[in-house]
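Engineer: Each protein sequence line maps, in turn, to chains H and B.
Numbered per numbering that gives the first Met the number 0, the first sequence finishes at 139, counting up by one with no gaps.
Numbered per numbering that gives the first Met the number 0, the second sequence finishes at 138, counting up by one with no gaps.
If you are wondering where the hints come from, they were derived from the structure by calculation, not from laboratory data.
Note that CB positions come from ideal geometry on N, CA and C, so glycine has one too.
Among these hints, one or two may not hold up.
Unchecked claim - Straight-line alpha carbon distances no greater than 20 angstroms define the calculated SDA-like cross-link-like pairs of lysine to any residue that follow: (1) 134(H) with 81(B); (2) 56(B) with 77(B); (3) 83(B) with 101(H); (4) 66(H) with 125(H).
Said to hold, decoys possible - Label-pair ranges, simulated between beta-carbon atoms: (5) 73(B) with 138(H): 47 to 55 angstroms; (6) 67(B) with 79(H): 22 to 30 angstroms; (7) 93(H) with 85(B): 39 to 47 angstroms; (8) 63(H) with 132(B): 52 to 60 angstroms; (9) 87(B) with 90(H): 17 to 25 angstroms; (10) 114(B) with 136(H): 48 to 56 angstroms; (11) 62(B) with 72(H): 34 to 42 angstroms; (12) 134(H) with 114(B): 40 to 48 angstroms; (13) 136(H) with 111(B): 54 to 62 angstroms.
If you want the building blocks of each chain, they are given just below.
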Amino acid sequence: MISNMLRFSPSLFAELEGILSSELPGYSRNPAVNYPQVNMGVTDKSVEIYLFVPGMEASSLDVSLEKNLLSISAERAPEETDNKDALSRYERFSGKFKRVITLPDDVDPEQTDATYRDGILHISVAKKEETLPRKIEVSV
Amino acid sequence: MSTTNDKTVSKVENKASTNDLSKSTPSRQQRKMRPAADIYETKEGATIYIDLPGVAKDGLDINIDQNVLSVEGEINLDTPDNLKPTYMDIRANMFSRQFTLSSELDINKVDANLKNGVLVLSIPRSEQHKPRKIEVKAA
Chain H
0 MISNMLRFSP SLFAELEGIL SSELPGYSRN PAVNYPQVNM GVTDKSVEIY
50 LFVPGMEASS LDVSLEKNLL SISAERAPEE TDNKDALSRY ERFSGKFKRV
100 ITLPDDVDPE QTDATYRDGI LHISVAKKEE TLPRKIEVSV
Chain B
0 MSTTNDKTVS KVENKASTND LSKSTPSRQQ RKMRPAADIY ETKEGATIYI
50 DLPGVAKDGL DINIDQNVLS VEGEINLDTP DNLKPTYMDI RANMFSRQFT
100 LSSELDINKV DANLKNGVLV LSIPRSEQHK PRKIEVKAA
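Next comes chain B alone, as it looks inside the complex (with noise of 0.2 angstroms):
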């Protein structure tokens, strides 16, 4: 049985969004942004790459409870205090984005690194989950 087509990593649809509308007033302090991210699958493991522009290392929080892989990352722009805003494409101070992983992945080795506003996120599959080959003895 072949195991390359299971998806290990899914997106949680919109748990992040769909909590903050349910309050009654949206916090203005946090207005969070899901990232674009691409997701690489192999027989190893998994990697995320994840663009987070203008947020540095110490601005960057990475979580996982269970099986939830929580990054959230503060945009900080260093503007000047005197600023006036004439065009913002960007309007969100965060961003954040859940991942569900699979049972598979090995949450306990997650390596994690920060380069020009890009993440990457490797997870390596359990020993006992990876793909492993069978001898056959001649008889």
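Next up, chain H with everything else stripped away, as it sits in the complex (with noise of 0.2 angstroms):
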């Protein structure tokens, strides 16, 4: 019985996106609006941090890090075309962007590594090797 009032038609799901793919406040799904979007993840030695900004050169990128905070900025120009009139559909973010991403207490800001990859930049700070997990011996 419960299983069955669990269970959703696949319509019900379709109806809820197209809900939420209409201009709600607060909430959108063209990614433009979040720009850039992100992704990270720890490891025992490391935080990496991932950055969806394609169609960027890695100079035009500013990083930096200043104790545990990171701020990453740079501009997105529009494409340049000679016909901007002959823009039907326009989706893709254009403009500054900044974002500041607050990291773990215990990273290293000396040893972070930035690389610019297929539209991804990666970003990998350490962990202060004091912080490291440590196994410890116990002598019989």
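Assembly of the complex is requested from the two constituent chains, each provided in isolation within its own frame, with the hints serving as guidance.
Structural biologist: If you want it as structure tokens, here you go:
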């Protein structure tokens, strides 16, 4: 009985999808609204940050790390075309952006590595040595 | 008659996502996401810019079936094996989008160029659909 109640029809999801994709305040499926998107994760030794910033040159990306505040800013220029009137669909972000990310307190700002490939800015920040997990031998 | 307002490229409404939802068990392997695109249309043809961050050339798949142009790209972030995600704006591992092309466009001459995660597709108008200027001879 309960399991029947929990089973939604596929059309319900399609309907919900339709509602979500319409212009609701504070919600947009348009990536340009929340630009750039970012994924983050941690390993034992580092914090890894991935920013989705397609169509940039590596030299135009401004990355700085102050203590545990990581800021990334740049400007994404619109495509250069001869005929602006020819634009019939416009979804991609263009303009200035800045994103500030608070990293965990145990990062070491001296050991940072940033690479730009296939439109992804990957920043890797090492954790401080003293906070790395250590195995303690138990002597018998 | 002017042809400049004719829509030569239009979006197939949620075709991919509704197909996925109709399956009883959605695949966990493929989480698709619709990439942002800009479309320019000129007398010469159409140019489509698609944002595909994280997609390399070998992870990109472009297909034309009848008049539907499909673009699929695998998002590869090259994450370390032991990475524990803490925050994710993008949970999809695949970009997927379809465009319906007008018969005025020459699908045999699609030019695709992927650079820094942006795919540029140039599709020329077929010769017989290009606007022609007709010279009027003086009598």
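Engineer: Return holds or violated for the Cβ distance of residue 134(H) and residue 114(B) against the range 40 to 48 angstroms.
Structural biologist: Given about 46 angstroms between the Cβ atoms, the range holds.
Engineer: Holds or violated: residue 56(B) with residue 77(B), Cα cutoff 20 angstroms?
Structural biologist: 15 angstroms, holds
Engineer: Can you let me know if the beta-carbon spacing of residue 93(H) and residue 85(B) is within 39 to 47 angstroms?
Structural biologist: 29 angstroms, violated
Engineer: Verify the proposed pairing of residue 134(H) with residue 81(B), using a straight-line Cα cut of 20 angstroms.
Structural biologist: 18 angstroms, holds
Engineer: Decide if the proposed pair is consistent with the structure: residue 66(H) and residue 125(H), CA atoms, cutoff 20 angstroms inclusive.
Structural biologist: Roughly 13 angstroms separates the two Cα atoms, so the pair holds.
Engineer: Just to be careful, I want the Cα atoms of residue 83(B) and residue 101(H) compared with a cutoff of 20 angstroms; is the pair within it?
Structural biologist: Roughly 17 angstroms separates the two Cα atoms, so the pair holds.
Engineer: State, for the Cβ atoms of residue 73(B) and residue 138(H), whether the hinted interval 47 to 55 angstroms holds or is violated.
Structural biologist: 50 angstroms, holds
Engineer: Is the hinted range of 48 to 56 angstroms satisfied by the C-beta distance from residue 114(B) to residue 136(H)?
Structural biologist: 52 angstroms, holds
Engineer: Starting from the hint 52 to 60 angstroms, judge whether the C-beta atoms of residue 63(H) and residue 132(B) obey it.
Structural biologist: 55 angstroms, holds
Engineer: Taking 34 to 42 angstroms as the hint, is the beta-carbon distance of residue 62(B) and residue 72(H) inside that range?
Structural biologist: 38 angstroms, holds
Engineer: Holds or violated: the 54 to 62 angstroms window for the beta-carbon distance between residue 136(H) and residue 111(B)?
Structural biologist: 58 angstroms, holds
Engineer: Are residue 87(B) and residue 90(H) spaced within 17 to 25 angstroms by their CB atoms?
Structural biologist: Because 21 angstroms falls inside the window, the suggested range holds.
Comparing the model with each numbered hint stated earlier shows that hint 7 is the single one that does not hold.
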